[in-house]
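Participant: Given only the sequences and the hints, what does the whole structure look like? Please build it.
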Amino acid sequence: MRNGVPLLELRAAQLPGITHIPHGTSLAFALFIEAARRDLPTLIRVHKELFFLQKEGDFLDMVDQIRQALRLPPTERSVF
6 MRNGVPLLEL RAAQLPGITH IPHGTSLAFA LFIEAARRDL PTLIRVHKEL
56 FFLQKEGDFL DMVDQIRQAL RLPPTERSVF
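FYI, in this note's numbering the residues of the sequence shown are 6 to 85.
There's no promise every hint is true.
As the list claims (entries may be wrong) - Simulated DEER-style distance windows between Cβ atoms:
id, residue 1, residue 2, range
1, Glu39, Glu81, 14 to 24 Å
2, Arg42, Asp63, 13 to 23 Å
3, Ala35, Arg76, 13 to 23 Å
By construction, these hints were calculated from the structure, which means they are not laboratory data.
C-beta: ideal position from N, C-alpha, C; glycine also.
Facilitator: Shown next as structure tokens:
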């Protein structure tokens, strides 16, 4: 469990201006971190269903920060 603490700190740092983390938010942070391990189609679905208040590009940028901390490759996004 302690291995995930730095990732929770990284996720919290991605949301500047938040001074209080309401009850249940740490669970959302943990869910975000777990989702970051998944493939792009799954991430797009997670974004649409759970994290839709963020722009998709911003969401994927934050996912890539978590993936970098986990030593995983960045998401493979098509460039238009």
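Participant: Holds or violated: the 14 to 24 Å window for the beta-carbon distance between Glu39 and Glu81?
Facilitator: Since the Cβ atoms of Glu39 and Glu81 sit about 19 Å apart, the hinted range of 14 to 24 Å holds.
Participant: That 13 to 23 Å hint for Ala35 and Arg76 (C-beta), does it hold up?
Facilitator: holds, 19 Å
Participant: Take the C-beta atom of Arg42 and the C-beta atom of Asp63, compute their distance, and say whether it sits inside 13 to 23 Å.
Facilitator: holds, 19 Å
Hint compliance for this structure: no hint is broken.
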